[in-house]
Amino acid sequence: MKEILKRNNVKVFGNGTQPMLFAHGFGCDQNMWRFVTPAFADDYRIVLFDYVGSGKSDLSAYDERRYATLNGYAQDVLDVCHALNLSDVIFVGHSVSSMIGVLAAIREPSLFAQLIMVGPSPRYINDAPYLGGFERRDIDELLDTMDKNYIGWANYLAPAIMKNADRPELAAELTESFCSTDPVIARRFAEATFFADNRSDLAKIDIPSLVLQCSDDIIAPTNVGEFVHQHLRGSEFHQLKATGHCPHMSHPEETIDAISQYLSRAASRHNRPVAGARGQKELRAE
Amino acid sequence: MLGLLDRAPCGFLTFAEDGTVLTANITLLEILELSRDAVLGQPFEKLLTISSRIFYQTHLLPLLKLQPAVEELFLTLRRGSGDDVAMLTNVAKREEADAPVYDCVFMQLRERRKWEDEIVRARRTAEEANRANSALLSMMSHDVRTPIGSISGYCDLLLMGIRGELSAEQRGDVERMKKASEYVLSLIDDILSFTRLRAGEVAKFDMKTIDVESVLAQTEALIGLRIEQAGLSYQRERCTSDIKVVADPDRLQQVLLNLLTNAVKFTPKGGRVTVSCDVEGERTLINVTDTGRGIPADQVERIFEPFVQVPGSAVAAGMQRGFGLGLAISRNLARKMDGELSVTSKLGEGSTFSVSLRSAESG
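Protein chains in written order, with the numbering used here: chain A, 1 to 286; chain B, 287 to 649.
To be clear, the hints were calculated from the coordinates, so they are not data collected in a lab.
Model, not experiment: these values are computed from the prediction.
Check the hints yourself; a few may be wrong.
Said to hold, decoys possible - In silico PhoX-like pairs for lysine-lysine, Cα to Cα no more than 25 angstroms straight-line:
{"#": "1", "chain 1": "B", "residue 1": "379", "chain 2": "A", "residue 2": "241"}
{"#": "2", "chain 1": "B", "residue 1": "555", "chain 2": "B", "residue 2": "465"}
{"#": "3", "chain 1": "A", "residue 1": "56", "chain 2": "B", "residue 2": "490"}
{"#": "4", "chain 1": "A", "residue 1": "6", "chain 2": "B", "residue 2": "490"}
{"#": "5", "chain 1": "A", "residue 1": "2", "chain 2": "B", "residue 2": "555"}
{"#": "6", "chain 1": "B", "residue 1": "494", "chain 2": "A", "residue 2": "241"}
{"#": "7", "chain 1": "A", "residue 1": "241", "chain 2": "A", "residue 2": "204"}
{"#": "8", "chain 1": "B", "residue 1": "494", "chain 2": "B", "residue 2": "332"}
{"#": "9", "chain 1": "B", "residue 1": "490", "chain 2": "B", "residue 2": "555"}
{"#": "10", "chain 1": "B", "residue 1": "490", "chain 2": "B", "residue 2": "622"}
{"#": "11", "chain 1": "B", "residue 1": "379", "chain 2": "B", "residue 2": "332"}
{"#": "12", "chain 1": "A", "residue 1": "11", "chain 2": "A", "residue 2": "56"}
{"#": "13", "chain 1": "A", "residue 1": "56", "chain 2": "A", "residue 2": "6"}
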């Protein structure tokens with residue numbers, strides 16, 4: 001158990017009992033969730049983690065074969081659930097983690113109570129008549145852009161740390177190297193993400209779910225979010241005003257509202273005590 | 287108007303927290319072949335190629351939410367004509383009264399891009415070579431090593447008389463088959479060890495205080511017969527049980543076995559092999575000295591390189607040449623134990639290989 005918690009840099013906090021497991025997307029790590037998790041900490045047990053190869057996970061645990069497809073990442077989710085003996089899990093996945101959550105739920109549906117998907121896409125590349133938003137050459141160019149950016153990866157983060165020498169609290173945070181990862185692993189994660197096709201997996205789960213759709217999201221356009229909603233039995237679709245692909249970072253309050261309201265509706269359907277509203281009020285009062 | 291900044295020798299642009307472009311200098315507008323009206327008020331994202339938009343959404347924006355600046359970004363912008371233009375970009379967050387804004391500086395990449403393309407191509411080639419190497423290792427481990435292990439095992443069965451008694455001639459043949467298969471196995475093990483060491487794949491070293499004498503005793507038990515068969519004399523000097531070093535006992539044994547095997551291989555019949563120990567403060571030296579033909583001065587350092595053997599070096603009877611990996615492996619192992627492996631040699635008189643390790647407190 002300890003090995004998994006260390007391997008995936010698992011962090012657990014909060015006063016509730018029902019676990020909310022937050023899974024980050026491609027390009028960053030669990031720090032992505034820092035603007036929304038405080039709102040749920042009073043009522044839920046918050047579980048954060050980094051996929052192997054991301055953030056502060058144990059890079060030596062990276063296995064090229066295991067993580068060649070999203071199934072390897074789904075196994076990380078299941079490993080974390082088992083290590084903490086979680087059940088009745090509310091899984092919150094951003095971007096590619098939405099499909100990673102679906103794959104985990106297919107394997108062990110009994111672990112999950114809800115799937116909340118922020119900007120999901122089951123396939124990024126167009127496959128007429130399906131429109132994922134990208135052509136294959138766009139993804140090849142993305143891989144090229146990533147390669148170029150990782151040439152200067154050390155400079156990517158270091159100057160920001162140095163510039164804040166007079167603000168030690170910020171400097172201390174930055175030493176955590178947000179989103180830093182091994183360039184080769186990052187590239188492979190990009191390949192596993194953008195070349196995946198999980199459209200047929202959507203019909204394999206029967207777990208209540210929420211699709212949170214951003215406005216003007218180039219990575220997961222609205223038609224793609226609607227496709228996910230149409231193929232996921234028992235899903236709800238919520239259109240956010242938030243633009244871009246990371247509403248939990250750019251518009252955390254709207255994201256918190258949408259998740260809280262969904263969980264309230266789900267709780268009332270199952271006669272559970274309504275959770276989440278208190279944290280929401282506290283965040284707004286700040 | 288941006289004053290001096292308008293004609294600065296770099297592109298400059300500011301966008302709001304929601305991504306809307308607030309300002310752009312003339313230099314950037316000219317590079318992009320766009321009018322100011324076509325840029326101001328538009329989302330910054332729209333100036334990027336599709337691949338850079340993905341990177342902007344998945345990397346740049348999250349980073350800017352978590353830290354005040356990002357430097358040396360490679361982004362590709364799109365000109366009004368539809369052409370792409372590669373830019374080196376710095377972005378810094380500036381706190382304004384109501385919300386932060388983001389200042390971006392762009393340097394156009396021309397010649398530099400070609401070099402970067404070259405670096406990326408070279409890295410990809412290296413990655414592919416690495417994958418091929420892994421595949422070869424896997425093949426060596428499973429497809430070659432395993433069947434040779436079987437050949438060796440079946441030789442043992444035949445020699446035990448499981449399939450009936452062997453004639454003296456047959457026994458000789460099977461023993462030669464057995465010896466040949468063991469030789470191939472040792473070559474494969476050398477290659478696997480060397481490749482794994484080089485790739486940093488060796489499991490953690492179990493570093494602890496050990497007494498040199500006990501490791502030597504175990505090593506001598508493995509090599510003693512070969513020394514005897516080669517017609518050499520062997521002696522140990524100054525290696526008392528109070529000499530202790532910090533090392534992984536198995537790895538140290540592997541190093542000493544390699545050195546002694548080499549000494550046996552390259553020392554003519556009637557020669558002498560000596561192991562001695564010298565404590566020199568914080569370091570302890572374990573020396574393996576032979577009376578072989580020695581190593582030419584210009585070859586002394588080369589012998590630690592992989593696949594290198596001294597040309598024309600004599601091989602003792604019954605010993606076969608290897609791949610020349612033993613010393614490369616041994617030096618690598620010594621260094622990973624915070625030690626060193628070095629050699630002094632005199633042509634015609636012999637060589638001394640010395641393993642230097644951290645001394646542990648004796649007692």
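Going through the hints against the structure:
1. B/379 with A/241: Roughly 24 angstroms separates the two Cα atoms, so the pair holds.
2. B/555 with B/465: 21 angstroms, holds
3. A/56 with B/490: 21 angstroms, holds
4. A/6 with B/490: 18 angstroms, holds
5. A/2 with B/555: 58 angstroms, violated
6. B/494 with A/241: Violated, at about 61 angstroms.
7. A/241 with A/204: 30 angstroms, violated
8. B/494 with B/332: 60 angstroms, violated
9. B/490 with B/555: Given pair residue 490 of chain B, residue 555 of chain B is violated - Cα atoms ~39 angstroms apart, limit 25 angstroms.
10. B/490 with B/622: Holds, at roughly 10 angstroms.
11. B/379 with B/332: Holds, because 20 angstroms separates the two Cα atoms, which is no more than 25 angstroms.
12. A/11 with A/56: 11 angstroms, holds
13. A/56 with A/6: At roughly 9 angstroms apart (the allowed maximum being 25 angstroms), residue 6 of chain A and residue 56 of chain A satisfy the hint.
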